[in-house]
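K.L.:
Each chain, written out:
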Amino acid sequence: MDRLLVLVKGEFNRLNKYNLFTAHFVVLMVWVGLAWFFEAAELKAFVPFIFLMDATMMTILLVGATLFYEKQEHTINSIMVSPVTGDQYLLSKVVVNVLNSFVTVVFISAALYFMKGVVYNYFLLVPAVVVVAASHTIIGIWLSYHAKSFSSLLVNYIIYVFVFLLPTVLAMLGIIGEAAARFLIVLPPDTANILISAMVREVDPWRLVFGYAYLILLSVVLYRYIVRPWFDWYVMREVGV
Amino acid sequence: MIKVRNLRYKYPNNREYTIKGIDFEIREGEIFGFLGPSAAGKSTTQKILIRLLKGYEGEIEYNGKSLLSYRDDFYEDIGVCFEMPISFSKLTAMENLEFFKKLYRRTVDVEPLLKRMGLWEDRDKKAGEYSKGMKIRLNFIRAMLNNPRVLFLDEPTNGLDPVNARIMKDMILEFKERGGTVFLTSHIMSDVDELCDRVAFIVDGLLREEDSPRNLKLKYGKRTVKVEYKENGNLVAREFGMAEIRTPAFFELLQSKEIETIHSGETTLEDIFIQVTGVALRG
Numbered sequence: 001m002d003r004l005l006v007l008v009k010g011e012f013n014r015l016n017k018y019n020l021f022t023a024h025f026v027v028l029m030v031w032v033g034l035a036w037f038f039e040a041a042e043l044k045a046f047v048p049f050i051f052l053m054d055a056t057m058m059t060i061l062l063v064g065a066t067l068f069y070e071k072q073e074h075t076i077n078s079i080m081v082s083p084v085t086g087d088q089y090l091l092s093k094v095v096v097n098v099l100n101s102f103v104t105v106v107f108i109s110a111a112l113y114f115m116k117g118v119v120y121n122y123f124l125l126v127p128a129v130v131v132v133a134a135s136h137t138i139i140g141i142w143l144s145y146h147a148k149s150f151s152s153l154l155v156n157y158i159i160y161v162f163v164f165l166l167p168t169v170l171a172m173l174g175i176i177g178e179a180a181a182r183f184l185i186v187l188p189p190d191t192a193n194i195l196i197s198a199m200v201r202e203v204d205p206w207r208l209v210f211g212y213a214y215l216i217l218l219s220v221v222l223y224r225y226i227v228r229p230w231f232d233w234y235v236m237r238e239v240g241v
Numbered sequence: 242m243i244k245v246r247n248l249r250y251k252y253p254n255n256r257e258y259t260i261k262g263i264d265f266e267i268r269e270g271e272i273f274g275f276l277g278p279s280a281a282g283k284s285t286t287q288k289i290l291i292r293l294l295k296g297y298e299g300e301i302e303y304n305g306k307s308l309l310s311y312r313d314d315f316y317e318d319i320g321v322c323f324e325m326p327i328s329f330s331k332l333t334a335m336e337n338l339e340f341f342k343k344l345y346r347r348t349v350d351v352e353p354l355l356k357r358m359g360l361w362e363d364r365d366k367k368a369g370e371y372s373k374g375m376k377i378r379l380n381f382i383r384a385m386l387n388n389p390r391v392l393f394l395d396e397p398t399n400g401l402d403p404v405n406a407r408i409m410k411d412m413i414l415e416f417k418e419r420g421g422t423v424f425l426t427s428h429i430m431s432d433v434d435e436l437c438d439r440v441a442f443i444v445d446g447l448l449r450e451e452d453s454p455r456n457l458k459l460k461y462g463k464r465t466v467k468v469e470y471k472e473n474g475n476l477v478a479r480e481f482g483m484a485e486i487r488t489p490a491f492f493e494l495l496q497s498k499e500i501e502t503i504h505s506g507e508t509t510l511e512d513i514f515i516q517v518t519g520v521a522l523r524g
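The listed protein sequences derive, respectively, from chains A and B.
Those letters in the first sequence? Residues 1 to 241, per the working numbering, in order.
Those letters in the second sequence? Residues 242 to 524, per the working numbering, in order.
Not one of these hints is a red herring.
What follows is a set of in silico ranges between Cβ atoms, one per label pair, in the way DEER data are often shown: (1) B/ALA280 to A/ILE185: 47 to 53 angstroms; (2) A/SER151 to B/LYS463: 53 to 59 angstroms; (3) A/VAL220 to B/ASN255: 31 to 37 angstroms; (4) B/GLY296 to A/PHE210: 38 to 44 angstroms; (5) A/ILE185 to B/LYS366: 49 to 55 angstroms; (6) B/GLU302 to A/PHE123: 51 to 57 angstroms; (7) B/ASN255 to A/LEU34: 51 to 57 angstroms.
Result set (DSSO-like, lysine-lysine): computed pairs, CA atoms no more than 27 angstroms apart in a straight line: (8) A/LYS9 to B/LYS366; (9) A/LYS17 to B/LYS342; (10) B/LYS373 to A/LYS17; (11) A/LYS148 to B/LYS295; (12) A/LYS17 to B/LYS367; (13) B/LYS498 to B/LYS471; (14) B/LYS366 to A/LYS17; (15) B/LYS342 to A/LYS9; (16) A/LYS9 to B/LYS331; (17) B/LYS367 to A/LYS9.
Keep in mind the hints are simulated off the structure, nothing from the lab.
In this text, a Cβ means the ideal position worked out from N, Cα and C, and glycines have one as well.
Next up, chain A with everything else stripped away, as it sits in the complex:
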């Protein structure tokens, strides 16, 4: 537990020093700037999209960037010859990204409240963001395993966006019909959208239950059977195999 705390603190310190926090903050400011042009009622429809983007896409990019820096500077080698376990290392990435998404929730919610007086169901938003950010950190780690450089990570990221997120966005815009959109629930970003949207609109309870169960199960299965076992291979590759 102590080591996990050290890793989390260290990761936050590096996010700051490597200007990844700054980049994240700039993105948040863009969202706040966009929100300025919406009326309070319109904002309620728009704001879940901000949290969806942050907890899914921004999370994947941030975890990818930190893994890329650690790979480029070989620091992962040094961490893995210390008493840190693979589980602690990976879990620290999840914790940091969940906390980061939580910061987004606080920042955006405060900005929207003070700018437009917008409020929504924070008790449904926070657990949704936690589960979505955690699952997408694991997905981001998995995508990073298959990236040899930051460019190839971006390619993986774009493929993920097209395959998994674009249908969700099209459904949000009404381009994909309701009947077809029902099946999109098996796509993690769509499930994420359902969970996060519950902050501003009524969602069938079964969809919430399914959504949480699905993302949690997906995270556990991905971690247990793919991300954790392949981590040794990833480290092995990084030490010059």
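We have chain A already, so just place chain B on it with the hints.
P.N.:
The following block gives chain B in isolation, referenced to the frame of chain A:
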């Protein structure tokens, strides 16, 4: 301290074994040199010993217990100095060390180490602004952070100027004097000769030789004495077998000629490396 028995290792995507069944022992308190040409298997062996590579065949014992039986407490005991510079470039040297230090239960004060390695004045400089030599010295301090019992050093003096290489070698020898054990790979044979109690040569995944540098020199060197002297204004060289140096002819030569040099025929570790591995050293 570390016993390796019939170690074999094959990389997941390879058909052939990289390590093809090697046995050796690293005794407590010694500096063990592990030498070989590129791609011979020395880095692979080191990565297996520091548990970065898993799935090996054979047995490795550390302190009488299988290496596999250790959990991550094994890393409390060892320090690893990689050949390439390893540090968070946007963090200062001190921030780098403080981060790694917090990962261990037992640690040392870094100030004397930084001072000894000449980095104290630059401790608040970002590691990315360090020269290659400074980064290598920082690597070494990183390896010493947890007051390890065993040090794994991969080409530790490579890229260092002679003064800093001297300081690092002195620190390695002092570590040994305090009872520490060292596993060292290097292609700088003068360093190996100076530091190592025993060396092993690995070629194509197999151990070809294992002994002390002195014994190897005796084994591979010529048991001769070469005398160079002046005769009628010309430089003449004559070689005597060890048995001959007790003969009157040898003494007569020493007494009657103007001797310029006398050399024993012992060889260098570099020559032994070339003989054993069949590969010439570069760099």
